[in-house]
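J.: Letter by letter, the chains look like this.
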Amino acid sequence: MLDKEKWNKKTQDKKRDKKSLPRGVATGSILALLAAVLLSTILIALTADNPGDALKSFFITPWTSLYFLGNMLDRSGLLIVTGLGIALAFKGGTFNLGGEGQVYAGGLAAVFVLLHAPESLAPAVTILVALAASLAAGGILGAVSGILKSRFGVDELISSFLISSTVAPVADYLISGPLRDPTSNLLATARIPARLLLPRLMEPSSLNVSLLGAVLVALFFAFFMVSTVTGYRIRLAGSNPIFARFAGFSPSSYWMPVMGVSGALHGLAGFFAVAGTYGLCHRGFSGGIGWNGIAVALIARNNPLALIPSAVAFAWLETGASAALLSSGLSIETGTFIQAVVFLLVTARFVPLGRKILPAWLGGGK
Amino acid sequence: MIAAILSMAAPLILAGTGALITELAGSLAIFMEGFMTLGAFVAWTVARATGYAWAGSLAAALLGAFLAWALARFCEKTGANTFIAALALNLAATGITQTLSIAWFGTRGVLVDDRVPASTKILSGIDSYLVLALVAVALTALIVKRTHFGLRLRAAGKDPEALAERGVSPARYREGAWAAAGALAALGGAALTFRIGAHIPGGVAGRGWIALVIVYLGFRNAWGVLAASILFAAAEYLSGIVQGTGTIPATLLLGLPPALSLVLFSITSALRSRSSRH
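So the sequences go chain by chain: A and B. Mapping the first sequence onto the numbering used here, position 286 (from 1) lands on 644, and the numbers just tick up by one. Mapping the second sequence onto the numbering used here, position 186 (from 1) lands on 187, and the numbers just tick up by one.
Some hints here could point you the wrong way.
One side of the interface only, derived from the structure: several residues of chain A facing chain B at Cβ under 10 angstroms [unchecked claim]:
1. Pro527
2. Phe701
3. Leu703
Think of the hints as simulated: they come from the structure by calculation, not from any bench. Everything numeric in this text was worked out from a predicted model, so none of it was measured. Cβ atoms here follow ideal geometry from the backbone N, Cα and C, with glycine treated the same way.
Looking at chain B on its own, in the form it has when it is part of the complex (with noise of 0.2 angstroms):
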């Protein structure tokens, strides 16, 4: 049960700690949807085309870290608005993965193909997305605290004037920190898609939202992010145990979620509020 846990935390953990770079570094992206969505489904073609799921990760990773760095550049380029830049690509990344699917596979259904590893499992049985997870985690944590480059980081968010004067450009720093953010974010869907083995539409369904309430419910610190990703793992694996006694519609369930976020979201924002006012 911990296990199962724990691997269901791990595309949380990827997007939820890419989503905390990005707000360290003073612009959320609340893109993170639409790059699981987007990497989920390249993470299974390019499986599907080479036969290894490491090579499919890379790919979307990539194709992640590249596709939001451009995005960021763009903000920055033309002064567009990076909250409605950032929603763009998640209403494109549905579009765009529909549209592949009908045009390469021909169905805008669930995509399953043998050639398509189904396990995420590797050398004695350890989840290898939980392991990427955890030294994902892990990394972000010691450079933000540890390292220069963390301290600028911060400080991009923080004070970008006292950064600029100091001749150090904070831009750079937020079009990095949303280039690693696209990429987490793809790896965890690359996760999802990986976990069954299959490509199903709408899979991500919401998880991507999820990662940015995780970074204020684990009060935007790298080891709270994982915590907070486990909890809502565990929330998830009940309800999937309850979806199984068919006490409660299915449709209903997929509200919980959401519903959940809302209401832990609620509650660490008015600790912090409260907390900042004393």
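Okay, chain A solo, but in the shape it has when bound (with noise of 0.2 angstroms):
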């Protein structure tokens, strides 16, 4: 196929050494992270009107305005579950590229759900039809790249990003068509009747109790992955496929349910996002929060505790840049290029070069 598994031996390889220099491995998430940060900054200086109110805006008013908190906390927790969705896939030898259909489609399946349910259902009850039904729009639409890859050895990393580019327009149209509200000038379904909403934390934020949750998954996964036996062939069906044969067990197999489960983690940030930030579906919910998915997870190297400070940091980046350049009337994405920077240096080694440049009292020059 994509000559993959020989690319996955060179990381394996790269891994080794990797375990034996663990200060190599943070210092590529650190210099990315600081990249992005100095990036944000020149964007934000060279396109704001005012650079110094800008820049303000940027490092400090999200940390003092509980309005602002309050928003990237709850940003930080779709993050957060989306990271461990695409962590969740890494693990298990397989590559989750199909993120923003996934959540696109959980918001979908919830947002139909809560708008249709009967209201004789008690609230709870329905709330828990609509997670249920985001878990399985997701799920589905990840194992179905599971089952093709374990079965007829498609590549996954190309059908899930096809699934998602095909379910992304179909939704789009359901928003836009069927699903729309005719009394609204949104491109968006009606709102969610207010009790059937996720309960607010921090009003006037959109800050809700799905942050708990997010970070509840986030532990349940840090101690599935390290403590259960499952979670043990898991990494073992990734790191080390042919010794997992050896071990007595086909590394094939954890696909669809690796692919499956990271799906409907993506499905369950759909859910998060309808039913606690938005109030309804509007079109492109998902917009960023797939691919920022993949960006946290490079940062946290896959680690589900690493994941929230991981988050909280991306989402910081994220909602303070494009907040501090709301006033200068340019609407950059901003996203895209912070994405990228992550991207391009999150996975890149420079321990060589550190030494070199450092000197001895700071690790160099050995």
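Both chains are sitting in their own frames, so use the hints and assemble them into the complex.
T.: Written out as structure tokens, the structure reads:
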């Protein structure tokens, strides 16, 4: 296929020497984040009408205004969940590039249930049904890629992306056509009744209980991956498929469940976004949540616990930079630049370079 | 109709051939979408400044080759993951074209200008990008199959260790393949621009990803890439007709190319894995 086995082997070799150099591993993540902060600063300083104010609203406001802090933490929750989905797929030796479509499908499934459930049903039950529908919608999309890979050898990197690109226009159509609220000017569905929304934690920001849910899910997976046999096998299937075969199980048998759960986690992010953050489903609401999940997972080196700070840092970069640039009137897609810089640098290894440059007392020159 | 389909195929053939070269060299470049986007924009900008489509295409190709080479070199030097670095380029390309479009032309929308040629026809009405695409296919087929250089390129993909043992650096071949792919993708983007003489943001519309599928659909063979590209162009042509009748909403039709890619990609992958099992 993509000669990925060979590539996997290569990265494994690299991982092995990475293990002996834990500092080098973190260097890539920290460098990528620093570069992203630097790039955002430059973008803001160059394009804002009043750079001083804009930089202040980038660096300081998100931490002092409860409104911005709440929105940022809410965004972090979504990124923790999608990042977890990406990390899990990575760990199991697969690559989920269809996050955007899975988030979209999950959100759409949630809004459909929340708008159409009979009113006689208890709110908690309706919300649970919506949650299940989101998990199923995202999970099925992911699992299809997994089945195609294990049954027919179809590369999941490309198939998941293609599925996502197929689903997005269909969802666009449903939102701007059959499911659209005709009384509103927005390209969006009707508002979800207030009693069916996830409780807000910090009005007027969009922070809601989904952040707690996201953290709990991350904690669960941190435990699951390290302390259960299945988690161990998934990691083995991903990191050393040949050894997995010697250990008596087929690594390919984990592709479908891993991709399925990865998709379900993206569906969960869609549910959180619709039932918690937005209260409705507007066209293209999933924009960026999926791609950013990849960046967050890469920064966290696929470690479920490291995802939490990684997601907060990324949410700050994303919401801070766009808020700071809002005043300039130039609506530049800062998000794509930040993603690109992170993607470019995060898997690079700068240890040899750092050693040459840094003085001995900083760990260089050895 | 056949002429229209063949012109629609030209960008796909160019990008598909580029992707094929990287696949043969052992690291499929998933940055085709990004370089098509950049190429479409650069070609428009340079053609507007000079008045010549060929100047725009040349500039796009050179920039594509250089950036792709630099990216490959960066991955080689730092050990960065090639998939993720290429993904970075895809994401950045949209942002870069959008920002430059605002900075230079004051809009993020469609760019039109009288100085940009709006036809890709040359003497006797032949599509120049189709000619270019066919030359790319024939050259690739010839070089890969019949030359020493092509043998080493394939060796860089199949057995890099053996190549290295013979004193040839597989990395050089991979870098060259990426540079060629960057140039061909940018040319494909330029072909899209000059077909209508305007730059449409998002006008690449997933063709860079379809180019990757085309590589497998064409069974990793240059002539196969040509056939697969024509198949996709025919589908594009048909969906254009369907859209004209208005029976299916245009938004839904946007999902058709990826859906078709998925089905065909799955079938070829299944056939391949079956034949390799026997």
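J.: Each hint: holds or not?
T.: Checked hints:
no.	hint	in the structure
1	Pro527	holds, 4 angstroms
2	Phe701	holds, 3 angstroms
3	Leu703	holds, 8 angstroms
Checked against the numbered hints above, the structure violates none of them.
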